[in-house]
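> So you can see what is in the structure, the chains are spelled out below.
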Amino acid sequence: MPIIDIKNLPELFQKIIKRNLSSDAWDWLQKKSDLIKTEERSMQLNLSFSMLPRQTGRDIIELTNDETAEFNLSGMELNDWTIDKLCRVWLLMQIPEGDKENYLRKINGLFATAEMNEQVALYAALPFYCYPEEWIARCEEGIRSNIGTVLEAIMYHNPYPAKFLSTPSWNQLVLKAFFTDKDVSKIYRLYERANPALSETLLDYVQERLAAHRTVAPEIYQLTQQMNPQI
Amino acid sequence: MCCNENFEERNKGEKIQTTLDLNDISGMKFFDPHVHMTSRTTDDYQAMADAGIVALIEPAFWLGQPRTGVDSFTDYYSSLIGWERFRSSQFGIKHYCTIGLNSREANNEKLAEQVMEILPQFIFKDGVVGIGEIGFDDQTPAEEKYYRLQLDLALEAGLPVQIHTPHRDKKKGTQRSMDIAIEQGLSPHMVIVDHNNEETVKEVLDRGFWAAFTIYPFTKMGNERMVEVVKQYGSERIMINSAADWGISDPLAIPKTAALMKRSGISLADIELVTYRNAITAFAQSGQINEDDFTTVKNIDQSQKFASNSILRGGQQPRIDKNSIIIS
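Protein chains in written order, with the numbering used here: chain A, 1 to 231; chain B, 232 to 559.
Hints were generated in silico from the structure; no laboratory data involved.
Just to be clear, a hint being listed does not mean it is correct.
Cβ-Cβ distance ranges computed for the label pairs, FRET-style [unchecked claim]:
| hint | chain 1 | residue 1 | chain 2 | residue 2 | range |
| --- | --- | --- | --- | --- | --- |
| 1 | B | I556 | A | M43 | 55 to 63 Å |
| 2 | B | E414 | A | S23 | 38 to 46 Å |
| 3 | A | T64 | B | D281 | 39 to 47 Å |
| 4 | A | T64 | B | I556 | 56 to 64 Å |
To be clear about the criterion: a stretch of chain A counts as covered by chain B if any three or more of its residues have a C-beta under 8 Å from a C-beta of chain B, and this derived list gives those stretches [what the hints assert, rightly or not]:
| hint | region |
| --- | --- |
| 5 | 46-55 |
| 6 | 89-96 |
| 7 | 109-115 |
Quick reminder that beta carbons are idealized off the backbone N, C-alpha and C, glycines included.
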């Protein structure tokens with residue numbers, strides 16, 4: 001089961017998709033989803049995952065206030081999602097989960113050849129995958145990316161890293177966010193997961209920035225003070 | 232592709248420090264339909280953006296030495312739709328690519344078989360505007376085999392084809408490339424025949440194909456010759472590119488040639504066709520080019536729209552003052 005505690009999650013997605021999509025595109029998506037549910041191999045999955053934006057377009061989705069609130073409760077924020085991203089994540093939810101090995105193989109196969117926007121959808125979907133503990137290494141790998149939008153898909157309003165990453169990996173995520181000038185206020189549970197090791201590294205980082213006459217993000221001080229009130 | 236000039240000869244003599252003057256063409260937009268950005272620096276990206284290049288196509292090709300396994304191809308194709316696309320977007324240049332097995336490496340048949348298997352995983356990706364660059368190098372049977380197989384793939388996928396014509400035995404190689412494309416059922420309007428010269432252009436145009444010219448120092452076309460070609464053949468179905476790569480080549484070949492054309496009295500309408508519009512018309516047959524993306528691309532792949540979000544995303548490259556000795 002995925003980690004998100006929203007009842008009838010696929011149905012909620014479906015409702016939003018139907019409202020934001022033409023009926024032709026919805027028909028196409030449904031047909032593909034039926035095929036994905038039954039195929040043993042990944043032929044239909046690979047094909048429809050790639051071709052999806054040609055059917056759905058890329059407009060920003062519209063959410064009702066209730067929907068926004070429901071996602072916010074789980075630490076998510078879908079308001080700036082595009083329709084192709086939403087549909088791709090929904091399509092990933094259709095992959096049969098019964099055969100664990102096959103389930104993992106299918107999704108890892110998508111990761112292996114993903115283009116930029118596909119990577120964004122695949123990483124944004126981390127909280128929605130089954131066997132959540134199996135995606136830790138993948139998440140860590142994503143944090144090593146230098147593609148800004150990919151990093152944001154992992155860092156911003158994504159509840160997966162805070163729940164599953166080890167302390168060293170979590171610290172890597174936070175450091176990388178500061179290094180790449182990300183808006184760290186969008187990191188889910190940033191302050192809850194503060195820890196002494198992170199604080200120490202961040203203090204070194206502050207020294208380095210100051211020595212180089214560079215600016216320091218104010219959140220760094222909040223994070224380090226939380227751990228070291230005497231500073 | 233280059234280049235075995237004598238570097239001692241090249242490096243001797245007075246080093247001239249001048250600045251390039253592209254004022255003649257300021258405000259014009261350019262599209263480079265063939266440039267291997269993987270081999271270029273960020274300075275090149277910045278210079279291209281400054282000179283008016285708004286979008287480009289990076290054809291898959293060989294890397295200067297043969298790859299030894301299929302995974303190298305997977306990673307290379309992935310980089311064309313991933314990291315390189317992102318790098319380009321940081322300079323506001325929309326990056327497209329064509330995907331294919333190049334002619335040289337088609338000669339490693341064992342590997343070529345494996346590459347053919349992974350191609351379908353890439354050709355339907357966003358921003359893949361064709362199969363390319365494919366065709367002949369030595370004109371061997373293996374090259375012909377994989378050329379034909381990839382033409383079949385293009386036909387099935389409804390994608391344009393970007394054909395690399397050989398350096399050696401060029402005229403015959405070009406004719407043969409077109410013959411085979413027709414034999415495999417492709418329409419000439421779906422085929423861009425690249426690296427033309429004065430000897431090949433007439434037949435390419437007469438048969439209804441697109442004729443691309445590579446402005447590349449020493450080994451391919453010079454741009455003074457290009458001006459003459461346009462004067463003689465006009466601008467219909469003709470496009471120019473830089474094919475800049477890891478050899479001595481020029482990523483500003485298109486803006487420079489546009490400037491030269493303007494000085495030589497070629498009309499602005501014709502210049503626009505050969506340096507921008509024709510390439511878009513040809514490759515937009517893939518359904519993957521949206522001109523609006525050229526103007527909205529900021530620092531990410533803005534085929535996604537972030538209408539509601541004005542924050543710079545993905546870390547836009549700060550601009551460097553190249554003329555300052557201070558590096559901060």
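> Name the hints, by number, that the structure is in violation of.
6
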